[in-house]
Each structure stands twice: as structure tokens, then as C-alpha cells.
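> Chain order of the listed sequences is A and B. Note that this note's numbering has the first sequence beginning at 4, numbered continuously upward. Note that this note's numbering has the second sequence beginning at 4, numbered continuously upward.
There's no promise every hint is true.
Pairs count within a copy or across copies, as identical chains cannot be separated in the list.
With a Cα cut of at most 25 Å, we get these calculated DSS-like pairs of lysine-lysine [said to hold, decoys possible]:
{"#": "1", "residue 1": "Lys137", "residue 2": "Lys291"}
{"#": "2", "residue 1": "Lys82", "residue 2": "Lys291"}
{"#": "3", "residue 1": "Lys137", "residue 2": "Lys195"}
{"#": "4", "residue 1": "Lys74", "residue 2": "Lys103"}
{"#": "5", "residue 1": "Lys291", "residue 2": "Lys77"}
{"#": "6", "residue 1": "Lys137", "residue 2": "Lys103"}
{"#": "7", "residue 1": "Lys82", "residue 2": "Lys302"}
{"#": "8", "residue 1": "Lys302", "residue 2": "Lys74"}
{"#": "9", "residue 1": "Lys77", "residue 2": "Lys193"}
{"#": "10", "residue 1": "Lys103", "residue 2": "Lys302"}
{"#": "11", "residue 1": "Lys193", "residue 2": "Lys302"}
Derived from the structure by calculation, the hints contain no laboratory data.
Number of protein chains: 2
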Amino acid sequence: MLNNSDRIDSATMKAFITRSFIACGMPGTDARHAAQLMTRADLVGQDGHGVFRLPMYIRRIQAGGLNVAPKFQKLQNRKATALIDGDNGLGHLVMRHATKLAMRKARKTGIAWVGARNSNHAGPASLYAMMPLKRDMIGVYIAVGSANHLPPWGGTEMLLSTNPIAVAIPAATRPPIVLDMATTVAAYGKVKTAAQRGETMPEGWMVDRNGAPLTDPSRASEGFLLPIGGPKGYGLALVFGILAGTLNGAAFGRDVVDFNADATTITNTGHMIIALDINAFTDVDIFKAGIDRIYEEMKSSPRLPGVEEIRLPGERLQRVLSERRATGIPLPDQLRQQLDHLADELGIAPIQ
Amino acid sequence: MLNNSDRIDSATMKAFITRSFIACGMPGTDARHAAQLMTRADLVGQDGHGVFRLPMYIRRIQAGGLNVAPKFQKLQNRKATALIDGDNGLGHLVMRHATKLAMRKARKTGIAWVGARNSNHAGPASLYAMMPLKRDMIGVYIAVGSANHLPPWGGTEMLLSTNPIAVAIPAATRPPIVLDMATTVAAYGKVKTAAQRGETMPEGWMVDRNGAPLTDPSRASEGFLLPIGGPKGYGLALVFGILAGTLNGAAFGRDVVDFNADATTITNTGHMIIALDINAFTDVDIFKAGIDRIYEEMKSSPRLPGVEEIRLPGERLQRVLSERRATGIPLPDQLRQQLDHLADELGIAPIQ
Chain A
4 MLNNSDRIDS ATMKAFITRS FIACGMPGTD ARHAAQLMTR ADLVGQDGHG
54 VFRLPMYIRR IQAGGLNVAP KFQKLQNRKA TALIDGDNGL GHLVMRHATK
104 LAMRKARKTG IAWVGARNSN HAGPASLYAM MPLKRDMIGV YIAVGSANHL
154 PPWGGTEMLL STNPIAVAIP AATRPPIVLD MATTVAAYGK VKTAAQRGET
204 MPEGWMVDRN GAPLTDPSRA SEGFLLPIGG PKGYGLALVF GILAGTLNGA
254 AFGRDVVDFN ADATTITNTG HMIIALDINA FTDVDIFKAG IDRIYEEMKS
304 SPRLPGVEEI RLPGERLQRV LSERRATGIP LPDQLRQQLD HLADELGIAP
354 IQ
Chain B
4 MLNNSDRIDS ATMKAFITRS FIACGMPGTD ARHAAQLMTR ADLVGQDGHG
54 VFRLPMYIRR IQAGGLNVAP KFQKLQNRKA TALIDGDNGL GHLVMRHATK
104 LAMRKARKTG IAWVGARNSN HAGPASLYAM MPLKRDMIGV YIAVGSANHL
154 PPWGGTEMLL STNPIAVAIP AATRPPIVLD MATTVAAYGK VKTAAQRGET
204 MPEGWMVDRN GAPLTDPSRA SEGFLLPIGG PKGYGLALVF GILAGTLNGA
254 AFGRDVVDFN ADATTITNTG HMIIALDINA FTDVDIFKAG IDRIYEEMKS
304 SPRLPGVEEI RLPGERLQRV LSERRATGIP LPDQLRQQLD HLADELGIAP
354 IQ
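Take the sequences, apply the hints, and build the full model.
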């Protein structure tokens, strides 16, 4: 368990991330936007996608692999679609820009689909899918993952990433439904966590190059992740990769750069966002009341023996958000040491 | 193995379906459109969704549960979205109409999303996702399934269907990529087939009401299907159900009518289609060449021991289509007897 002293107020976290980026030459407004989104990832409990990634982003900036002052360009523009060139900027800034554009377009046309190329890792998928919620819109976000961990079904060469999807749907008085999932049984971050903790993985997460179950996470490099539902998850990863990558002229397949291992090669990461205006289909209040009813229907339905609670996608996220807004973001010792070291290196004040 | 005499030419099949519908009072043009789509389902090998369903559709028409002369109505209409009321018509006709509308809109705006309510079973998802291919568009189709077989994760009440998704993406010289999948490990049709054949199901398809594996398909009514990736597949089924059902004012959750068991209650089936104009993102030829390259990359990649071939989604569909166009559609004896009986009942010529 963490002590209270290990919890950091979100404003403190955001300020630290902001000054880290500014120290690397990022304009102040962009640094604040990036910090806001990264802190949000920690606030909603997606710890592997928040401040945890800061040292890696900074390393890439310092190595010249990420542009701190990108100029976004609209390469294609139709009434309900656009393609953005992210100019090798931080994925958070590219997708914030793309999502805002999608919402503006969707207000006029009912829906918009905006793709991005030449972007980078953007944190958790839910960040962007949830942006349209405040405007009474549904959000759908898909990305090409930042490293390949998945072969085609039956194969052994890791040509695919865990290509995630997030879908966010607003409710009236209940938490929004927020599905945020990789197309593999386990995300690669869970394997890394199991390795750090010296735990064994359940069968079904990974197999080795002979197709035999691999349960020792320290041997992860000898095998690969398994897709959900076998060929179905492979199909989803493939199709999502084409929609978020190939269609945008972004990297897919063998062209995907391992963001964790390589700090200099341009990743040309691709993502896409859909904003869908609920009002183009039905009265917003009626729709949201309908989502509340679905929530009740699922929650109150009978459970399997030993199951305490039926959860809806996004329910945990909302609980963690409320809790962390009140008590702060937990900061493990090891991560704090890394961030202190980073502050030292950048010549900025550490997290107090 | 089937004899050649068991294979029916697709034109013969289509003509039979057409006269069956006409005998029930459906206008000739609609009957031909419905027959064309149903025959197409058989041609691409989705045998459980083609002529196999004809007796059930006819039974529903005769019972007054399906409107043979629907008037489609545009309940909502924005530049890139619409909501169609299917007037309780056959799903094939409703979704044919909706998809054509989506393609017309997408040509102008880059993308369109058209939803439908008050529809019915429409056959396999791939039919509609593939319609935009000829116009160099990508298709995405989602439906609320026609019977609930899936509880929320951890639950025992079947509040969800196998809510399928299909995505179709054109290639240049290779088969189009066509993903057509239920959000459960096995579609319910596979359980029925296993029961007919007296086979045992693999663990992972179904569990009983205590969560224990259920492998005897004759006991299927004592359990329920499992979603792909556990909570992930549950999340997909939920979200797809909301997008294709709730958003359109169509049935979802407890409101879903079991189309197989009940021939009279209006199903209010919901579906949605996206048409996405590739040309709004990139040059169509460059894109299609990119899909060919992805095909080559996957196909030629190294395989697990014992795996003969890596397949792409849609490859089998294309192979079956070529084969059946040449040699006809196989018609099992039992189904032929049913169709002969139907012909007798309707006073029309049977399949020759």
C-alpha cells in the first residue's frame, strides 16, 4: 500500500510536466496542453500511460526524434473528414488538435472522421474518445500501437501492434460508458508489470515461437502476445492498423518503429478519431436516459457465483478519477526517483 | 461430400427466393433485391445466413410479423448522417437502402454514418460492409443481433447479443480485406451446427449458469456464449449494441425479441453503416497498392509449426465466391426438402 505522502496533487504533477517540456524547448501553451492530458491519464488510473512516460518522451526530444514545435498541416479536408500531418509532434498535441477539428465538423455534418499521420505516442486511447462527451457527442479513437508485439494468426513474425480502440458514450446521471481496450488478451504493459513483480502470467496471454504457452514474463522477448478471440483479435488489429495507419499514410506492419527501443527514428505514428453528434440521431436527453437504463439493467442483473459486482466499461475509470481528484495521484518511489533525476538533468524544480 | 446434383446455380436460387417473396405479396423489385442479397450470402459461404433463413422469413411474413411493402422514412437527416425507419421491412431491404444513402452522402462529405431502426434480420454483416468497395470506399457495418445469447461479464442473464461487426477494405489485385465477426468466441450458429452433428464443443465457447465449461451443444439452453477476450468482448458487444440499437431508437438489452422463437412481435432491429471515401484521405491507387503490400507481408511471414497458411480476413470468402460462381451453391438434402415444402405451400415452382 502507498502512504499518503506518496500521493501527488494533480496540479503539482501538471506543473512539473509543463516545466519539463518547456525546459526542452516546447512552447508554453503546448507544454500545458500536453501536461494536462498526461496528468489526466494518471488521474483516471492509466498509470502506464501518464507521467510514467515522461522520461521516454524527453529522451526522444533530446535525441532529436520528436519535434517540440510542430506545425500541424491539413493535408486533406472535406466537409466531414480531414487528414492532419502532425509534423512529428507529441501525439497528445496532434490528437488534441485532430479531435477538436472533428468535433467542430461533426456539429455541422453529424459525424466527422479525422486521421493523423507523422504523430507519436499519445497516451491512453480513452483521452481522445472522451473529449467529445462534453459536447454530447460519442467519441471513437483508434491508433496504431507504438511497437509490434503480435504476429498474424498462425504466424511468428510480430507484424502487428496491440492496436487499441476506445469508444466513449455519455450517460445522464451514471458514469459515461468508456471502453478502452487493446486487441490482445493482455496489453504489453501488463507483461512488463508482471516481470517487475516476479509474477507468473496466466496461460493465454502469450505463446512462444512454437505456439506453446509462455507464462514466465522474464522470457517475454522469446514469444508474443495473443489476440482476443484468436483470429478475430488478429482481424481487429489488422483492420484498426489499416484505418489508423495505412489510410493516413502512417506506419503499419514492418514499418512500425519500436518507440521504447529507438529514440531517434521518426515513428510516423497514425491515429484516427470519430466525433458523432448524438443530436443528429435523437434527442440527447432521451439518449442519455437510455444509457442510464442500460447501466441499471446490467448492474442489477443476476451474477455468477462468486462475482460481487457487474461492471460497465468506464466505471472503474470514473471511480479512480473521483478518488484521485480527492487524494492525489500515487507516485511509486522508483518513478519519483526517475522524475527527480530528470528534474536535475533539465535544471528544473523537482516535484515537491 | 456433396454430389454435383446437390449444387444449385445462383440464378436458379435467386429466382426461387424471388418468387417465394412475390407469392407472399412483396413487390417484384424488392423481392429481387432481397433474393440477390440472400443468394450472395450463400455464394460467399455464409450458409447460415442465406437461403437457409428463407422459411423463417416467410413464416414471419405469414404471421404478420414482417411488413412486405415497407415505406422507408428518413427520420433524421444531416449532411453526413441519417436515421432510417425501416417500417418493419426485411433487414436486407432496409440496409440496402441505408447503405446506398451512406455512399451518396460520403461522396460529398468524405464519410457518412446511417443508422436504421424498425428493421429485421439482414443476413451476414459482410453484405453491407462490402457494398461500398465498388465505389472505392471502406464499409463498416454493425448490428444488434436477433437474439440475446450473452450476459454482461460476470452475469448470468443474457442481456446482450453476439452483436457483429464487419469491416471491408478494398485491395488492388488481392482479395479485399473483409472482417466479419461476432463479439462472442463462437457464433450461435456454430453451436447449432455442433448440436446437429452430435459433436462436442471446445471449452471456451460456452459456460453454464455456474460458470463451468459447457461442451455438450445439446445442453446449450442451460448456458450462454462467452465473449472474445472476456470483459473486452462484453465491452464490444455492449458498445456495438448501443451504436446500432439505442442510438437509433432500436431494441437493445431486455427489449431484444428472439427472432428464432417468436414470429409475430415486432423486432425493431437496429443496424448502422459507415461509408468512408478513401479519396478523402489519399490517392485510391496508392491506398490499394498499400493493402496489396500488407497482404504480401502477412502471407509471406514465417509460420508456427504445423500451420500451412496465414490467411487474411476475407480470403476464404473470396475463394468460396469464385468456387461457387463456377460450380453452384451446395444445397443439403434437409434444406432442399424444407424449400420444396415451402414451394408447395406457396403454390410456386420448386427449385429445379
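> If a hint holds in the structure, say so; if it does not, say that too.
Results for each hint:
{"no.": "1", "hint": "Lys137 to Lys291", "in the structure": "within (12 Å within a copy, 37 Å between copies)"}
{"no.": "2", "hint": "Lys82 to Lys291", "in the structure": "between (27 Å within a copy, 23 Å between copies)"}
{"no.": "3", "hint": "Lys137 to Lys195", "in the structure": "neither (34 Å within a copy, 44 Å between copies)"}
{"no.": "4", "hint": "Lys74 to Lys103", "in the structure": "within (16 Å within a copy, 38 Å between copies)"}
{"no.": "5", "hint": "Lys291 to Lys77", "in the structure": "between (34 Å within a copy, 22 Å between copies)"}
{"no.": "6", "hint": "Lys137 to Lys103", "in the structure": "within (12 Å within a copy, 32 Å between copies)"}
{"no.": "7", "hint": "Lys82 to Lys302", "in the structure": "neither (40 Å within a copy, 37 Å between copies)"}
{"no.": "8", "hint": "Lys302 to Lys74", "in the structure": "neither (46 Å within a copy, 38 Å between copies)"}
{"no.": "9", "hint": "Lys77 to Lys193", "in the structure": "neither (36 Å within a copy, 47 Å between copies)"}
{"no.": "10", "hint": "Lys103 to Lys302", "in the structure": "neither (33 Å within a copy, 39 Å between copies)"}
{"no.": "11", "hint": "Lys193 to Lys302", "in the structure": "neither (27 Å within a copy, 29 Å between copies)"}
Violated hints for the displayed structure, listed by number in ascending order: 3, 7, 8, 9, 10, 11.
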